[in-house]
Structure formats: structure tokens, C-alpha cells
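Since the structure of chain A is provided, determine the placement of chain B on it from the hints.
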Amino acid sequence: MKVNFYNYIFTALLSLLGIVALTNFHIYMDKYEVGILIAAVVGFSYLGMKWNRFKHFFLASFALAFLSIYLYQGDISQANSNFILKYFLSSQSSIMWMSALFPLGLIIYWFYMFVKQEFYGNFASFLIWAAATFATSGLLVRWFESYLISIDIGHIPISNLYEVFVLFCLISALIYLYYEEKLNTKKLGSFVMIIINVAVAFLLWYTFTRGADEIQPLVPALQSYWMKIHVPANFIGYGAFAIAAMVSVAYLLADSKFWQKYIPAKEILDDMTYKLIAIGFIFFTIATILGAVWAAEAWGGYWSWDPKETWALIVWLNYAAWLHLRLIKGLRGNILAWWSIAGLVITTFCFLGVNLFLSGLHSYGEL
Amino acid sequence: MSSMRFAISMLSIVGIASIIGTVLKQNQSYESYIIKFGQFWFEFFEILNLYNVYQASWFLLILLFLVSSTSLCVYRNSPRIVKEFKHFQDNVKEKSLKSYKYSFEIPFSDFKKKDLIKLLNQHQFKTKEKLINNGDELIVAKKGDYQKLGYIFTHLAIIIISVGGLMDGNLIFKFQESIGSKQIEFLDKPISEISKKSWLDTSNFSFRANMLLVEGESQGVGVIPVKDGYMIQDLPFTVSLKDFNIEHYSSGQPKSFESDLMIKSKNNGEVIQKKISVNKPLYYDGVTIYQSDFQDGGSKLNLALYDMYGNSKPIPMRAEIFKHNELIVDNQKMNFEFEDFRLFNILDVQLDGEMKPKNVGPNYRYKIRNDSGQAREYETYQYPLFLDERYFFMSGMRNTPQEEFKFLRIPADADRTLDGFMIFKDLMINSKQVNLAIKSISEENTAELSENKNEVTKSFLAIWQSFITGGYNSIASNIDQNVPLQNQEQVANTYIKIIYLIGDKIISNYRENNPDFTKFNFDNEGVFTQDALNAYSDSFFYGSNFWVELKDFEQVQASGLQLTKSPGQFWVYLGSIMLVIGIFCMLYIQEIRLWIMKKSDSKNLILAFASNRDQIDFEKFVYKTKEEIKDFYSK
Chain A
1 MKVNFYNYIF TALLSLLGIV ALTNFHIYMD KYEVGILIAA VVGFSYLGMK
51 WNRFKHFFLA SFALAFLSIY LYQGDISQAN SNFILKYFLS SQSSIMWMSA
101 LFPLGLIIYW FYMFVKQEFY GNFASFLIWA AATFATSGLL VRWFESYLIS
151 IDIGHIPISN LYEVFVLFCL ISALIYLYYE EKLNTKKLGS FVMIIINVAV
201 AFLLWYTFTR GADEIQPLVP ALQSYWMKIH VPANFIGYGA FAIAAMVSVA
251 YLLADSKFWQ KYIPAKEILD DMTYKLIAIG FIFFTIATIL GAVWAAEAWG
301 GYWSWDPKET WALIVWLNYA AWLHLRLIKG LRGNILAWWS IAGLVITTFC
351 FLGVNLFLSG LHSYGEL
Chain B
1 MSSMRFAISM LSIVGIASII GTVLKQNQSY ESYIIKFGQF WFEFFEILNL
51 YNVYQASWFL LILLFLVSST SLCVYRNSPR IVKEFKHFQD NVKEKSLKSY
101 KYSFEIPFSD FKKKDLIKLL NQHQFKTKEK LINNGDELIV AKKGDYQKLG
151 YIFTHLAIII ISVGGLMDGN LIFKFQESIG SKQIEFLDKP ISEISKKSWL
201 DTSNFSFRAN MLLVEGESQG VGVIPVKDGY MIQDLPFTVS LKDFNIEHYS
251 SGQPKSFESD LMIKSKNNGE VIQKKISVNK PLYYDGVTIY QSDFQDGGSK
301 LNLALYDMYG NSKPIPMRAE IFKHNELIVD NQKMNFEFED FRLFNILDVQ
351 LDGEMKPKNV GPNYRYKIRN DSGQAREYET YQYPLFLDER YFFMSGMRNT
401 PQEEFKFLRI PADADRTLDG FMIFKDLMIN SKQVNLAIKS ISEENTAELS
451 ENKNEVTKSF LAIWQSFITG GYNSIASNID QNVPLQNQEQ VANTYIKIIY
501 LIGDKIISNY RENNPDFTKF NFDNEGVFTQ DALNAYSDSF FYGSNFWVEL
551 KDFEQVQASG LQLTKSPGQF WVYLGSIMLV IGIFCMLYIQ EIRLWIMKKS
601 DSKNLILAFA SNRDQIDFEK FVYKTKEEIK DFYSK
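Each protein sequence line maps, in turn, to chains A and B.
Per the numbering used here, the first sequence starts with residue 1, numbered consecutively.
Per the numbering used here, the second sequence starts with residue 1, numbered consecutively.
Hints are computed from structural coordinates only; laboratory data are not their basis.
Careful: at least some of the hints might be erroneous.
What the hints assert, rightly or not - These stretches of chain B come out as covered by chain A in the derived footprint (C-beta under 8 Å, 3 or more residues):
#1 10–22
#2 579–593
#3 613–620
Keep in mind that this is a model prediction, so the values were computed, not measured.
Beta carbons are placed, not taken as given, at the ideal position from N, Cα and C, and that holds for glycine.
Chain A extracted, bound-state conformation (with noise of 0.2 Å):
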């Protein structure tokens, strides 16, 4: 009864939230992007209701985004002189901070494997939502951020490599996340924190050595509510293979006497794999569709063999035949995870070797 009056208080305040800023801002919206205000109200709403600790994750970090918007006072130079902004709440410094608490996720995670205390996997745990929460605030104050410099170059942050990477980060935390609650798979973490923190890598040196932090305005292409829902819908699909692909390999270790020990059993292991891969399969089925549709609005064609296009399709029938092969024959083991890790390489791809090595109309993360 008391979970119920939550989900009440909470499904009030997003829908709160989304009032408030269709009274605000629908000046600046198209009819598009005011449904997709609206879906997301009612989607978060349902993610909540159906997952406690997510209606937590999803209040702290707007009260995180809301308290640095609040110290902005509307001037961007505020983030290097405001105490708080500077060290905590700017976007950069969130998500400096998701950079420092998944690599302290990753190491807690281990040493619960190892330790078998429980305190220590919550702990982890723990650490993750946090990481989470910093992303998710960084995300929104960035978005909040870019307003400030110029009402034109105002955008949602999912524009380029170093936003997308941030929403890898968070999304695939989500994900993982949700599975361990669900499966009640702790000790998971330490495989499939790994990937996570190679992203956070990654993040850390495209914004050290390249300066990928600063926010740039957007191209007249990317300049559509298309953005919103096709990016997203993407990533939930690249995080749910990687998550997958991690998952295979801890499927594979189970195969020794030593890990055994450690991690959960294979039959777990190899349902987990499987509703990772279904759901990232359907929203990156949907991801490419949407991503058809936008480029028959933008570039004049559904489809141009554009490289990312192309390896899109490549990624999509490689699942497609794992899932095939899975459903319709029956296939199971390590054949399958192995091909599941391949699928990561081949996403991987996909998701970052196209920009790094052909060109091609997706061109906005270059490196």
C-alpha cells in the first residue's frame, strides 16, 4: 500500500513536471515534440510503477539537475566560479563524477564476487545507481547548459560521440541494472561493469586529448525531433547487446571449476543473455526503422546503403539470426554466446568504427 502511494506522488510530480514545462516551452516545441513530451511523462511514469528504485534514480537526478539549474541564475560563467557547480553539479563535473563511480563500481563488484558479503553487492550496486544519477543530471544540466550559451544552439545532448557515449554509460547501467533486481544477479557486475567503464574510458580520453566536452551547435541535418526518440531508441539496442556480450562471456567462464564458484548458473546466464538480446533487439529494429523515416525526411530516401545504414542492417541480421537460430531451432550454448560476443565486435562497429574509420551522411561523431 505504501509502494502504491509512491507510484501516486510519483506519476504527479512527472506529471507536474511535463505541465510546467508545456506552459514554458511549448513556444519553442512542434506538435512532434510535444507528444514526445507527453510519451515520456507516461513511459517514465510506467517505468516507475513497475520498478521501485528507478522512481529513486529518477527524483535524485532531477533534484540534482534542478539544484544546479537553480545555481546557474541564468549565467553560464557561473560554472567555473560557483563552488558547487564547478566541483559537483555542472554537466562536466557530473559527469566527471559517473567517470569516477563506475570504476569504483567495477572494483566493489569484485571484491563482492570474491568476499561473498552481501553489504559489498549492495554496496556496488549502490554505486552504480549513483553513477546513474550523475549521468542523468549531467545529461539534463548539459542539455540546460547549452541553452545558456545561445537560445540557437540550445539542443537536446544526444548529438554527438561524447553526449551519445554519457548515454551509452547510463543507458546500459539502466539495463544492467534492472536484470540484476529482476534475476537477482549481483555478482554479474563485475563482467558487465567492464564494458561500461572501457566506455568511460573511452569518454575520458575523447574529452582529455580532443576537448569533445565543449558543446557545439548543430548541424541543420540533425535539427529535428527525430533526435529524440531515434538516438535513444538506438542505445537501448547497442547497451542491451553489450550488456549481453558480457553476460556470454561470464557464460563461457562458468564452463571452469574456478569461476563456477563465483558466478551464477548457466541456465540464468543464458536466459539473461537472451531477453537482453530480445529487448535490445526490438528497439534497434525500431531505432532503424525511425532512423529510415528521418532520413526520408532529411536526406530524400529511406534508405542510401550510408555506411551506418549498412551496418546497421549488418548488426540487425546478425541478432536476427541468433534469435532465429535460438527460437526457431532450439540452438543453445556456448556457440551461442560466443556468437554474442562476436555480435558486440560487430556492434561496436556499428556504433563507433564507422565514424572512426568511413565516412559517409552519419558524419557527427567524428574522431
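Relative to chain A, chain B alone:
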């Protein structure tokens, strides 16, 4: 052909071909492929159609195979699936039920059939009752039938998407080309001279054409690039560009570009006017008109040519982008081909200690072609760029389009103009000024040089002469020939110092004689002198005697439009929706069957669960449902 193995191997080939298509940049000019791969491999790849893999006949053929294979698969399996969808498997025996993996016996006293069915219905089971002879009863329950329909949906979706895609492909054109009724045009010609065989008329039901429209002009045809050539696509209307606008962010990056278009129907003369921009196309008469890019539409430039080695006034020149200019200097003919003018150029430059993108102002590209037809390409910026704490005029040169530009940097004077350098290079070859400079250097250093002053003056002059005829390079080759190896470095340093001293003296003499001239007034004059000497020396690698300065310009822009007719789009979208629904059904609906058998001679009910997917979730479901049924009977 409907076998999975066949489909998977075909899919693999499609995958590999697609990868090749992403690695090998598609639809480039054949010339650039030849340079990249050499003649042999170029031809080999051409036979395989690797330069436009996705339009290659073999690629389309494989796609066609895949579509037929999938269709066959759907055709074969659908009747069974539809039948199973309706069918309850009520023809089961007690023995077989007991052999199920999830089979249980539950004690009961009263069967309470109606309530049981109600309970099952509450759990989304559809049920069927059956009375078996001798008083045995069977309830068959099932749920999640839509999982099976998901199979039909996804596969049908793939067929529909592929057919939609093929509708928008160029199969018909390929056929017309193969029987010779259509022919690709490879030469750059005025539209009126293009043969009718290279025209596609308005009845063409699917195309993707480009149109480059200069402000104030109109056009009624589009150009479709095919292989290394193109086709002309006739349109049911003419498009006029009334105005083209680019907006920029404060940093100079383009924020938006939009074309103010006027469309006039060729059929009924209807005229409409509309602004289009990126992400906001215009739909008219079955054709979608997109803003895709922009370029120069023939800007007019007012230029001045400075001869780097001749002491003369700059030669004025008027030029227009895309037009050829001929210039005869000293009986030598030079062909200037101006190719592009860009008003905004965003480069990463040093700003407040950081590298930031900034608009550095206009630049212009041109080729200088000599009589034998060879051309060098130049890219010059109108305004000086801030580099290494000072301003330079920049002009890049390359011999082939594959190379990167190599830049000649001419230091700007104190007023940030070219004049300072141009005066300096004139003075450099003015023998009177050079002699004066050398003389005063030797006088200032009388103490050291008194012994053989004449000889020193002579050697200074020789060094200077060598420098102005070939820069540091010529000095270096002199040293190479005449100085023993162990002394070369020392001598080179001395020579460089001497050249600098002379250059510096020339400038300071000029300043003394022209007190009103302020363009040499630097905080640190020596830096300018050194930069100017370096620029002069580098100019020998510039490939042209002339520095082309832009005085002023009149910009004319052209808007790049894309025109598409895509009847397949509807089918692709329809297929996509089906695909998502289908995948959702397949992955998230669990098909479950449950049999409950009441034997007239037994105190126990037989329960059996089955699913086509044996998963952890199913097991959980089974135990939960079993417990519920147990509770139902123990009440």
C-alpha cells in the same frame, strides 16, 4: 530454396557485399578509383560492380532470391500455423500427458468445471472442453497463440519491405539500359544537346534526382547520377529559385539553409510558392523536393595578381566561378579556372588560448592550367589567419586532387595587409637597395671586417643572389657542392644569419627613408623579416609566380535540391510496422498449452503444461499456476 541454410548463406553474401560497399567508398569518379587501385584492379572491381554494389545486378539478384526464399517459407508454413492457431490439441491420451516434463497430479473431490474454466479464463487461457467416453473429461487450455502469428508477420514484413525497396530500385532502368533503349551520358553537356536516350520522362515512377539551381534561375529537369555518368529526369513541373538563405551561428557554422521556391506545373500552369529547408521538404505532384546542400552559383570576383619575382604593379583580373580566364603575361598564356568561392569557412583556430571553430572569412579555389593541359589547384583565403601568435595570408597548392593542400604563408604587415610583404619582395630584387643594405652592414661591422671588406661585400652579394633566385634551397645546394661535410652546418647557419641581416637592413633602410610608412611598424620587426624571407623561399615550391589577391566579390549562390519519387516508401513503412509487431509477438508472447484431465476412476486430476520454448519464465509460470489450481481444489 526455402531451406534455412540457403537463406542464411544468401544473407551472409548480402552481409559481406554490404560491408564491401561501406569500406570501398561508393559512387566516386572512376578516375579516383584508377588512382587508388591501379588499372588492373580497377577493371577487376568494375566487372564485379563494386563501385555501386547496392545497384549491382548480382546484388539485386541475391535480394530477389532471398525474397522468394522467404515467400516460399511463408507459403509453406502459414497454413500449418493458421491451423494451429484455431486448433486445440484435444486428441491426447492419459499416458502421453503423464510423460510431459511438466506433468502433475492434483487431488480433488469436486471437479467444479465451470469455476475452473472461469479461473483459466482469468489467466487469459482460451479453453475447450471435451467429454471422452467412459465419463473421462478433458479441458484443453491455451494462450499466447499470437506468438505464432508473429512468425508470419515478421516474414511477410521482410517480403513487403524488400518489394518496396525493389520498387524504388532501378531494375526497370537496368533493363532498359541492357536492351539499349536508354543510355547513360558520360560527358558534361548542355541539357539541350543530351540525346533523348539519356532522358527519363515524367512517367518514370521512381527516381532520386538532383538539381542545382542558381538564384533567379529555373529548371524543369533533374540529374540522376548513374555509375560514372548521369541521366536526365524530366519533371512534371519547373522549379525556380527565388531566393536562397543561409543562417549562421555566431561561431560561423551554418545553422540553417533554405530555398524560396516557385513551382510551376507543366500540366495546368498552376503556380505555388514555398520555402523549403533541411528536414522540411515540399511534396508536390507525387515528387518530394528536398533541400540537400548548396554551393557557389557563379560568384563574381575582383582580383589582383602579384608577380612574386617581378617588380611590377599588381595585374587586375575579373573572374567568375565556373568560367575560364585567360591571362597573358610575358608572352606566356595562363588559364585560370575558378571553381569555388566560399563566404564562410569554419576552421579550428586559436581563441583565448583554446582551439575553437571560427569563421575565418572567404576563400576561393582555382586551377591554373598550362598550355600542355596540366593544372595545379589553389585554395586561397582572403583575410590573414592567426597562427603562432601572428597573422599570415594563406594559399594552398596541390598538384593532384588526391593530395592535401600545401600552404604558402605570407606574413601580414602591421596593418594586416599584403602590402608590406609585396614591398619587401620588390626591395629584395632591387639591386640598389640590396647594395646599400650590404654596404651599411659591412660599415657597421668595420672592426671585424676591415681587412677584406670588398671581398666580404662580394660574398654577401653572392649569397643574397643565390637566395633570391631559389630561396634557402638554392643556398643549401651551393653549400652541398662547395663546402666540406663537417663544416656544412656551421656555414649554413652563418649564411642564414647573413640573409636575415640583409633582409632586416633592407626593411630598416626603407623605414628610415619613408617615415610616413607605418606598415613595417612591428613590436618585433625581426619576426616579420624572418617570416617574409621564409615565405619568399617557400614561394619557389608554390608552382606559380602569382599570388592572387581577392579585392572584392559579388556572391551568387546555388541551392542543391533533391527530387524523389518513391512509391515503395509506403510499402516499406507498412512492412516496418508489421515487422515491429511481428517481432514483439515472437519475443514477448509465450505460447502455453495446458491440459487438465479428469479420470472417472481416479481421485487425482492430471495436469500437463507445454510450451514451445522451455525457459525459466515458463517454469515459474507452471509452478505458480499449478499451485493456484491446487489451492482451487483444496478450498
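- Query: Would you say the region 613–620 of chain B counts as covered by chain A, given the rule of at least 3 residues with C-beta under 8 Å?
  - Reply: holds (count 4)
- Query: Do three or more residues of the region 579–593 of chain B come closer than 8 Å to chain A, measuring C-beta to C-beta?
  - Reply: holds (count 7)
- Query: Against chain A, does the region 10–22 of chain B show at least 3 residues with beta-carbon separation below 8 Å?
  - Reply: holds (count 7)
Of the numbered hints given earlier, the model fails none.
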